[in-house]
Amino acid sequence: MEVSLNFSGGAELLFGKIKQHTISLPAEETWSMKKLLNWIKDNLLKERPELFLQGDMVRPGILVLVNNADWELVGQLDYLLQNKDEIVFISTLHGG
Amino acid sequence: MVVQCSAGCGCNAVLKRPKTNDALCKTCFYWAFETEVHHTIMSTKMFQSGQVVAIGASGGKDSTVLAYILKHLNEKYNYGLKLVLLSIDEGITGYRDDSLESVKRNQEEYNLPLTVLSYKDLYGWTMDDIVKQVGRKNNCTFCGVFRRQALERGAILLNCDVIATGHNADDVAETILMNLLRGDIARLQRCTSHITSSEGSLPRAKPFKYAYEKEIVLYAYFKKLDYFATECVYAPDAYRGHARALVKDLEALRSTSIIDIIHAGEQLAIKDGVKLPKQGVCSACGFVSSNVICKACVLLEGLNRGRPKLAIGKSNKALAEILADRLANTASLSSVQDQF
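Protein chains in written order, with the working numbering: chain A, 1 to 96; chain B, 97 to 436.
Hints are computed from structural coordinates only; laboratory data are not their basis.
You may find that some hints are simply not true.
Straight-line C-alpha distance at most 27 Å; calculated DSSO-like pairs for lysine-lysine [said to hold, decoys possible]:
hint: 1; chain 1: A; residue 1: Lys84; chain 2: B; residue 2: Lys320
hint: 2; chain 1: A; residue 1: Lys17; chain 2: A; residue 2: Lys34
hint: 3; chain 1: B; residue 1: Lys320; chain 2: A; residue 2: Lys19
hint: 4; chain 1: A; residue 1: Lys84; chain 2: B; residue 2: Lys200
hint: 5; chain 1: B; residue 1: Lys233; chain 2: B; residue 2: Lys112
hint: 6; chain 1: B; residue 1: Lys167; chain 2: B; residue 2: Lys141
hint: 7; chain 1: B; residue 1: Lys371; chain 2: B; residue 2: Lys216
hint: 8; chain 1: A; residue 1: Lys19; chain 2: B; residue 2: Lys233
hint: 9; chain 1: B; residue 1: Lys112; chain 2: A; residue 2: Lys35
hint: 10; chain 1: B; residue 1: Lys405; chain 2: B; residue 2: Lys115
hint: 11; chain 1: A; residue 1: Lys17; chain 2: B; residue 2: Lys200
hint: 12; chain 1: A; residue 1: Lys19; chain 2: B; residue 2: Lys200
hint: 13; chain 1: B; residue 1: Lys319; chain 2: B; residue 2: Lys122
hint: 14; chain 1: B; residue 1: Lys167; chain 2: A; residue 2: Lys34
hint: 15; chain 1: B; residue 1: Lys122; chain 2: A; residue 2: Lys84
hint: 16; chain 1: A; residue 1: Lys84; chain 2: A; residue 2: Lys41
hint: 17; chain 1: A; residue 1: Lys46; chain 2: A; residue 2: Lys35
hint: 18; chain 1: B; residue 1: Lys172; chain 2: B; residue 2: Lys320
hint: 19; chain 1: B; residue 1: Lys216; chain 2: B; residue 2: Lys200
hint: 20; chain 1: A; residue 1: Lys46; chain 2: A; residue 2: Lys17
hint: 21; chain 1: B; residue 1: Lys115; chain 2: A; residue 2: Lys34
hint: 22; chain 1: A; residue 1: Lys84; chain 2: B; residue 2: Lys112
hint: 23; chain 1: B; residue 1: Lys319; chain 2: A; residue 2: Lys19
hint: 24; chain 1: A; residue 1: Lys84; chain 2: A; residue 2: Lys17
hint: 25; chain 1: B; residue 1: Lys319; chain 2: A; residue 2: Lys17
hint: 26; chain 1: B; residue 1: Lys216; chain 2: B; residue 2: Lys167
hint: 27; chain 1: A; residue 1: Lys17; chain 2: B; residue 2: Lys167
hint: 28; chain 1: A; residue 1: Lys19; chain 2: A; residue 2: Lys34
hint: 29; chain 1: B; residue 1: Lys112; chain 2: A; residue 2: Lys19
Remember, predicted model here, so these are calculated numbers, not experimental data.
Bound-form chain A, shown alone (with noise of 0.2 Å):
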């Protein structure tokens, strides 16, 4: 399953400074955003995790979409990825 992430609004910073990100997850498996959060933690994260996460949640102040909408519009943690999703991440701590 092919899954596509941009990280932006500062967030990029945690990532390498690299913005868009296209990964490869096993097919087979169920992965829910949750799942995502820790994979990307384990994977994609290089400095700071803790301004990224907050136990298993994004840190409050980082805005997510799914497919180009708010990810409080469709559950969250708990949203199902499908194939050729893709997932922004936004950061609004970071100050201008």
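With chain A's structure known, arrange chain B on it following the hints.
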């Protein structure tokens, strides 16, 4: 799993509004967001026709969206305002360069005049130079105090009538909590107003006072507005960081918390008989100050004397020292004594 827009327009919702929990589509969200900012501006009589408004532009999300929205509303509702962008370059290598580029793009895209003023121009010191003197512990004090005055100085140079800043609802809630935690009653009172003005200084307006950060960021995202996000390379203000984390945690638990904190802050009244610092003007630079000499001048004097920490902490002591020196050289002893 598609959620329909709560407004009943038949479109798919793209976000849940934190203030109301409504699910809205893009079009209805733009309308709601812009109309609320317009309402804030109108109901508080924030601006008058013919005024020149300096938009404090950092290249970040809030000021970028502010410039876009003010230009849009000014045209749509005929506010009759002249809008100009004003940026402050603190002189931090690798920090401001990119965000100033983003302001320059705003200038072109929105066709608004831009002026950039540096700390070096205004104070003779860049933040990089200041950090070399004071270290990384107290540098945010200098930066914050200088920035506040820098916008004002710049706006006066440009003959502006009012300064508009991108402070949003999250910022206001955070500031209310900080002032409460510090027992800073005078600021607690002032920080909730939509426009602050005192004699001898330009009014400062906050059109985004009731606009959630989430909505500002999503507005920029959906409209593809170009902004720059970065971290200051020097230490962040740790105390503000705690207040900010608290606000964000509360918002995650109950999203109306932010507007509720603002509401509470607005209703607080200082009881009779509480002594507040008198707002006056700085005898050295003439800008607004609650002391005989303003904090910026005291900090600057410390830097120029090679004793940068002079004004950190107990600034009354520093003030007394500077005043003693100045009084030795001046005949206007009595007028200064009156201000004490």
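Right, here's what the structure says about each hint:
The suggested pairing of A:Lys84 with B:Lys320 holds, with an alpha-carbon distance near 22 Å, which does not exceed 27 Å. As the CA atoms of A:Lys17 and A:Lys34 are separated by approximately 23 Å, the hinted pair is consistent with the 27 Å bound. Taken as a hint, the B:Lys320 and A:Lys19 pair is honoured in the structure, with Cα atoms around 16 Å apart against an allowance of 27 Å. A hinted pair counts as satisfied when its Cα atoms are at most 27 Å apart, and A:Lys84 with B:Lys200 does not qualify at roughly 36 Å.
Using a Cα cut-off of 27 Å, the hinted pair B:Lys233 and B:Lys112 is violated, with the two alpha carbons roughly 40 Å apart. Among the hinted pairs, B:Lys167 with B:Lys141 is consistent with the structure: their alpha-carbon atoms are about 17 Å apart, no more than 27 Å. Proximity of B:Lys371 to B:Lys216 is assessed by CA-CA distance (about 37 Å); at most 27 Å being required, the pair is judged violated. Taken as a hint, the A:Lys19 and B:Lys233 pair is broken in the structure, with Cα atoms around 31 Å apart against an allowance of 27 Å.
Pair hint B:Lys112 plus A:Lys35 holds up; C-alpha atoms about 23 Å apart against a cutoff of 27 Å. Taken as a hint, the B:Lys405 and B:Lys115 pair is broken in the structure, with Cα atoms around 43 Å apart against an allowance of 27 Å. Distance restraint check for A:Lys17 and B:Lys200: the Cα-Cα separation of roughly 23 Å lies within the 27 Å cut-off, and the hinted pair is therefore satisfied. For the hint pairing A:Lys19 with B:Lys200, the CA-to-CA distance comes to about 23 Å; that is within 27 Å, so the pair holds.
This hinted pair checks out: B:Lys319 and B:Lys122 have alpha carbons roughly 9 Å apart, not beyond 27 Å. Pair hint B:Lys167 plus A:Lys34 does not hold up; C-alpha atoms about 41 Å apart against a cutoff of 27 Å. Taken as a hint, the B:Lys122 and A:Lys84 pair is honoured in the structure, with Cα atoms around 22 Å apart against an allowance of 27 Å. Note on A:Lys84 and A:Lys41: the hinted pairing holds, with a Cα-Cα distance of about 20 Å set against a maximum of 27 Å.
The suggested pairing of A:Lys46 with A:Lys35 holds, with an alpha-carbon distance near 18 Å, which does not exceed 27 Å. Restraint check: the Cα-Cα separation between B:Lys172 and B:Lys320 comes to about 20 Å, which is no more than 27 Å; the hinted pair holds. Between B:Lys216 and B:Lys200, the direct Cα distance comes to roughly 20 Å. Compliance with the 27 Å bound is thereby established for this hinted pair. As the CA atoms of A:Lys46 and A:Lys17 are separated by approximately 10 Å, the hinted pair is consistent with the 27 Å bound.
This hinted pair checks out: B:Lys115 and A:Lys34 have alpha carbons roughly 25 Å apart, not beyond 27 Å. Between A:Lys84 and B:Lys112 the CA atoms are separated by roughly 23 Å; this keeps the pair inside 27 Å, and the hint holds. Between B:Lys319 and A:Lys19, the direct Cα distance comes to roughly 19 Å. Compliance with the 27 Å bound is thereby established for this hinted pair. Simply put, A:Lys84 and A:Lys17 have alpha-carbon atoms about 23 Å apart, close enough for the 27 Å limit, and the pair holds.
Pair hint B:Lys319 plus A:Lys17 holds up; C-alpha atoms about 23 Å apart against a cutoff of 27 Å. Under the criterion of a C-alpha separation no larger than 27 Å, the hint pairing B:Lys216 with B:Lys167 is inconsistent with the structure, at around 30 Å. With a CA separation close to 32 Å, the supplied pair A:Lys17 and B:Lys167 exceeds the 27 Å bound. Only pairs whose Cα atoms come within 27 Å are accepted, and A:Lys19 paired with A:Lys34 is accepted, the gap being roughly 21 Å.
A threshold of 27 Å between alpha carbons decides the hint, and for B:Lys112 with A:Lys19 the separation of about 25 Å falls inside it, so the pair holds.
Comparing the model with each numbered hint stated earlier shows that hints 4, 5, 7, 8, 10, 14, 26 and 27 do not hold.
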